[in-house]
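Chemist: Make a model of the complete structure from these sequences and hints.
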Amino acid sequence: MRLEVDWTRCNGHGLCARLLPERIALDEWGFPLIADPSVDAALVRPARQAAAACPELALRLVPDPASRDDVSRPQQEARR
Amino acid sequence: MTVLDARAAPVAYGTARLLAGVTSGRPADLARHREHHGEQRFNDQAGLASLADQVRLLGRGGAAFPVGTKLRSTPYGAATHVLVNGAESEPASQKDRTLMRLAPHLVLDGALEVARALGTTRVTVAVHDRLAATALTAAVRERRDATHVRVVVQDGGFVSGEVRSVIRSLDGGPAVPPGRRVLPHERGVDGAPTYASNVETFAQLALLSSLGADRFAEVGSPEEPGTLLLTLVGDVPHPGVVEVPTGLPLSVLLPDQDVDPRPVLVGGYHGSWVSDVSGLTLTRPALRAAGLPLNAGVVARLSHDTCALGEVAAVSSWLAGQSAGQCGPCYFGLPTVARDVHELWRGQDPGVDLLRRVAQLPGRGACAHPDGSAMFVRTALATLAREVEAHRRDGTCGRPWRRELPTGGAA
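Here the protein sequences line up with chains A and B, keeping their order. If you're matching positions, the first sequence starts at 0 in numbering that gives the first Met the number 0 and goes up one per residue. If you're matching positions, the second sequence starts at 0 in numbering that gives the first Met the number 0 and goes up one per residue.
Bear in mind the hints are in silico, worked out from the structure with no lab data behind them. For each residue, glycine too, the CB sits at the ideal point set by N, CA and C. Each statement offered as a hint is correct.
Partner residues are not named here, just some residues of chain A that face chain B (Cβ under 8 Å, in silico): (1) Asp-5; (2) Gly-11; (3) Asp-26; (4) Trp-28.
Across the chosen pairs, the derived CB separations fall in these ranges: (5) A/Pro-54 <-> B/Glu-141: 53 to 59 Å; (6) A/Arg-44 <-> B/Gly-190: 34 to 40 Å; (7) B/Gln-53 <-> A/Asp-39: 42 to 48 Å; (8) B/Asp-304 <-> A/Arg-59: 50 to 56 Å.
Modeler: Right, dumping it as structure tokens:
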């Protein structure tokens, strides 16, 4: 699994960093810094908690894209 | 203030292809267009995709995505939309509006050929530039096969030129990128599958259809055959739009760069600064491999007369102003980075804070604006190390800021 942030929703409440400090730090304005978005089995529980606690529903736990290679290429493009 | 005159005639180095018949700066009407490019040739979806594959055609908007792959992954049928992205929202870039103003029929040929290949009549051209819209509308009226083509004028800044912003705006929403990744070929205009490409890409497809793959590939590098359009800015022999065969050494466009190096910006305001251009050739794959993505084709060189750090500071402020304000790391990060760069310019030293802030920008937005802006500032600081040092030490490099990089007056 992998963490994904909808940056248009995130308002920097910062609950995620408290619930999942293993993966999420905050920048100087309180927005999440996620150096490593991967979530292994040991972290799934706190990661789900962090996603559920987000007041803006900005943080999501999504399946790894590696398993669907063909679809991920146009996604890179969508980011220009 | 440097004013780019888009009405100045574009220049072709070698074979004029996209610009065939229009290097005089006079627009080609339908008769003159057909004189130079012949009658249209149509292919089915697989045929057009295969042609694009054979000449390794890459999108010319910025992402450089393989056109054949995109054509093949767009669903066939009357519900599908074809979207020509002519938003060209970077102030230094002029190539797309030049093409639309001077060769509107070539752009329309490409759009109509893609529409036919995909079995649809839904075609939209979205533009920001009023003169381009006028030229396209006149061209649509001039021909009988384009009555279904819709030309839409949109407003907006840098991030509104991204295709997903264009689609949202067409659908009545704000011209800013959506937070969730939406793929146009799955869900685009009106929620329908959409084949979307940049203006130049459609013009290249029209050339490819009429020339065939072999003749198309007679010019340029085998890696990415054909020609490409660039907008040259600043201290260059031909400021403005040029068409060059791919594979041309970049140094040809920047004479004396080896003996008299000046700061060069490759890929526009989301691009990279470099001073040594030896060994760089003009193809998108080669430049990407060298860490200098060509993006929408802007290449700028600063003269010795201007303060390079002042130019970078001005563009940094412009980039900050172009944030859509949707995503915190961009909305707060870019103005802070711009302020730091201005401090450097004034001889104060923001120290490691600036580098840290720049390093934290990429990957933290709905679009690639923070990523591209970070690339611009990071490579500027590295390439202009000597100028930065002079400002740190003496508070100035001794040169005035001459506004060689246009910011549309918004800086």
